[in-house]
Amino acid sequence: MQATRLRICAAFVLLLIGRTAMPGVLPEDRADILYHLYEGGGVRIEGPSLLVRKQVGKSLSFAANYYVDMVSSASIDVITTASPYTEKRTQKSLGMDYLRGNTTMSATYTTSVENDFDAETYSLSISQDMFGDLTTLTLSYALGEDVVRRVDDPLFAEDNTRQHYGIGVTQILTRNLIMALNIETITDEGFLNNPYRSVRYLDSGSPVGYSFEPELYPHTRTTNAVGIRAKYFLPYRAALEAQYRWFTDTWGINANTLSIAYIHPWRDFTFTGKYRYHDQNGAHFFRDLFPRSEATNFRGRDKELSPLTSQTLKFAASYEFMRDGWNFLERGTVNFSFDFLMIDYHEFRNIATGAPLGDEPLYSLDANVFQLFVSFWY
Amino acid sequence: MNKSHIYRVVLTLLLISGLTACGSIEPWVKPYERDRLADPIMFLDPDPVSSAYIYHVYEAREGARGGEGTAGGGCGCN
Numbered sequence: 001m002q003a004t005r006l007r008i009c010a011a012f013v014l015l016l017i018g019r020t021a022m023p024g025v026l027p028e029d030r031a032d033i034l035y036h037l038y039e040g041g042g043v044r045i046e047g048p049s050l051l052v053r054k055q056v057g058k059s060l061s062f063a064a065n066y067y068v069d070m071v072s073s074a075s076i077d078v079i080t081t082a083s084p085y086t087e088k089r090t091q092k093s094l095g096m097d098y099l100r101g102n103t104t105m106s107a108t109y110t111t112s113v114e115n116d117f118d119a120e121t122y123s124l125s126i127s128q129d130m131f132g133d134l135t136t137l138t139l140s141y142a143l144g145e146d147v148v149r150r151v152d153d154p155l156f157a158e159d160n161t162r163q164h165y166g167i168g169v170t171q172i173l174t175r176n177l178i179m180a181l182n183i184e185t186i187t188d189e190g191f192l193n194n195p196y197r198s199v200r201y202l203d204s205g206s207p208v209g210y211s212f213e214p215e216l217y218p219h220t221r222t223t224n225a226v227g228i229r230a231k232y233f234l235p236y237r238a239a240l241e242a243q244y245r246w247f248t249d250t251w252g253i254n255a256n257t258l259s260i261a262y263i264h265p266w267r268d269f270t271f272t273g274k275y276r277y278h279d280q281n282g283a284h285f286f287r288d289l290f291p292r293s294e295a296t297n298f299r300g301r302d303k304e305l306s307p308l309t310s311q312t313l314k315f316a317a318s319y320e321f322m323r324d325g326w327n328f329l330e331r332g333t334v335n336f337s338f339d340f341l342m343i344d345y346h347e348f349r350n351i352a353t354g355a356p357l358g359d360e361p362l363y364s365l366d367a368n369v370f371q372l373f374v375s376f377w378y
Numbered sequence: 001m002n003k004s005h006i007y008r009v010v011l012t013l014l015l016i017s018g019l020t021a022c023g024s025i026e027p028w029v030k031p032y033e034r035d036r037l038a039d040p041i042m043f044l045d046p047d048p049v050s051s052a053y054i055y056h057v058y059e060a061r062e063g064a065r066g067g068e069g070t071a072g073g074g075c076g077c078n
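Taken in sequence, the protein lines are chains R and E. To convert, note that position 312 of the first sequence is 312 in the working numbering; the numbers rise steadily by one, no gaps. To convert, note that position 78 of the second sequence is 78 in the working numbering; the numbers rise steadily by one, no gaps.
Here chain E stands alone, though its shape is the one from the complex (with noise of 0.2 Å):
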């Protein structure tokens, strides 16, 4: 394992621990007002068929990849 792995594993459990000890949070945005975020419209991917394959144009076409998508995401295109 180099460097640069050592440095992501602590990053994401300090991202993890984080999180967790703020787990008594009180949530903002109460469920009942959460009507607009439920509108199909905000989806950040209401059609994952269809954003799955203009995001493999874009890698196939340019020379990045990755980031673009939604939880997940990402391209392994060489």
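The following block holds chain R by itself, in its conformation from the complex (with noise of 0.2 Å):
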């Protein structure tokens, strides 16, 4: 975990293991093979994740993920107030959909494990197919256990129980339009902040004229999401997708994000271009720099909890192959995918540029993601 936090959760899972809004349906048979990188803020994560789905019968389909994130930190947070690390994450999924006539019921298991942090996450949903199959509602719970520990620390160990609630409607609107809406709310109770990070503060007897203390979280959060995603079929076999996501939490922070896609199939290629933007103001107990120790009940400096503003450009590229078949193969496609993630930070400041206190310039963080795999439907 440490300073990174990147580790994958409830509705991860639920999205990974989950079905996509086909109706009436079981998902299809098929195996994924991907490696991913994340590179970007002095921070490198990289691993597999390998997914593998198959029907049984007319009824059942089960579904196997196993996922690694490799991760080397020397992000600000590290080189600032502790020291680079190098740590391990592995997450392993089983889940089982059930169709009986137009409903699939759906279940997921999941465990991650690393040097630091435990959690097990149990989740449920079922989707109705209705109006002629024109519609889709899918409700959605999910609880997580976690357990939060310090690797300097034996005896430290705190939860944190997390609950998701999912309403979910996929909606046909004409033959070139399809629309899906998601209401989503997640609460989360007990350690919510990391046990390494610290906050600064003012301190007229430190040569830097600041020092830093533990971050204090509030022990529960409960966050509410709204997102509205629509794609169209172009008059010459392209598509084009919207979304937005309105976001609110208790913690203060109030969030949009908007993107537009265009996908364009060429012979046996399919390309993908995205842009998305985010903005979100930031959360009622962040500061960058606190006027004094132990100035409020809570205090947070997570850079993700400041005020800022992330824009990503996307690329990817789809090539399908064995078309017509191969032994017990039906088809698969090798895909590239490349994200180049810009964040600009609105208060948070890059203290490692040893600027003097006051005139430290603001954070900004570029990162490359990319995505390479192969997948396989037989």
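Quick caveat, the hints were computed from the structure, so don't treat them as lab data. Just so it is clear, the structure is predicted and the values come from calculations on it, not from any experiment. One or more hints might be untrue.
Calculated lysine to any residue pairs in the SDA-like style (CA-CA distance at most 20 Å, straight line) [what the hints assert, rightly or not]:
| id | chain 1 | residue 1 | chain 2 | residue 2 |
| --- | --- | --- | --- | --- |
| 1 | E | Lys30 | R | Leu173 |
| 2 | E | Lys30 | R | Asn102 |
| 3 | E | Lys30 | R | Val25 |
Fit chain to chain and form the complex, with the hints in mind.
As structure tokens, this is what we get:
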């Protein structure tokens, strides 16, 4: 966990193992072998993700996922208050879908282990297709149990319980247009801050003018998100997709996220270009610099809780092969995806520059995210 | 159960009952008119292994979570 907190959680699993919105059918039998690489802000995270899904009989489909993050971090948090580190996180998931008539019931169990953080997640969802399969309604629930530890203190162990409630509606509107609405509420209760991270406060006794003390978060958080997306089939066989997400939480963060994507097939290739824009204000207990030690009841200097603007440019290409099948395989694709992520923090300052107190520049981060994966249908 | 929980449950029940009451609606896009929607370029989530990963990156790098995936979605990251 340490300073990156790039870990996978309940809803990632819902997304990964959960069914896609195809009316009255089980998800396709397929296997995906993915290599992912995130590099930016002094952090490098890479690893594989293997996902296999297989139908058994006419009503059951099983899915299994194995995912690894290998982290090497010298992020801004780490270089200013700690030492660079490496760690590994391994996640395993098992899921099942049961189709009965127009109803699909899904259950997933996930376990995630790293040297200072364990997580277990149980999730359930039910989907109902209606109105001649024009509409799919999905209700989902997930329960996550986390144990947070410290590598330098074997006696430190704190719990966190997370509950996720979701309602999703996918709607065919015309023969060229499909839309989806998702409403999600997630509640956390327990130890929510990073046990390693510190906040800084003005300290006239320090040569640099400030000192650090551990951050302290509220023990509860509830977030609400409403997302809507639409995908339109263009007259010349291409697709346009737009998405908007409104977000608010009990920590005072409000966010708006917009994206637009264009998908263009050409021969055996499919190309995708996407632009995504995200803007948020900060948590009410976030400060880059507190006026004194223990100045407020809750204190945080996590840059993700700062007001920030994030923009992403994406390019992806997919090549389909074995269109006529081979042996037991029906077809396959080779896929490459590159996301360029640019984040500007509006209050979090870069104290690693060594600039005098008050003159530190605002921090910004660029990250390259690569994915290379092969998919087989059988 | 607090007020917001009751509100959510009532909203869900109203939504389900409202949709059920409309069970006799004729599908205005017939099955034989859905060829374009069945094209893989129109899938809302054609590659779950990839989209789940990138949404996870967003959720780790930003303060917001949830609402961006297909049915389901979201993230419990702290």
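The hints, checked one at a time:
1. A hinted pair counts as satisfied when its Cα atoms are at most 20 Å apart, and E:Lys30 with R:Leu173 qualifies at roughly 11 Å.
2. Taking the CA atoms of E:Lys30 and R:Asn102, the gap is about 17 Å. The hint holds against a cut of 20 Å.
3. For the hint linking E:Lys30 to R:Val25, the alpha-carbon distance of about 17 Å falls within 20 Å, and the restraint holds.
Checked against the numbered hints above, the structure violates none of them.
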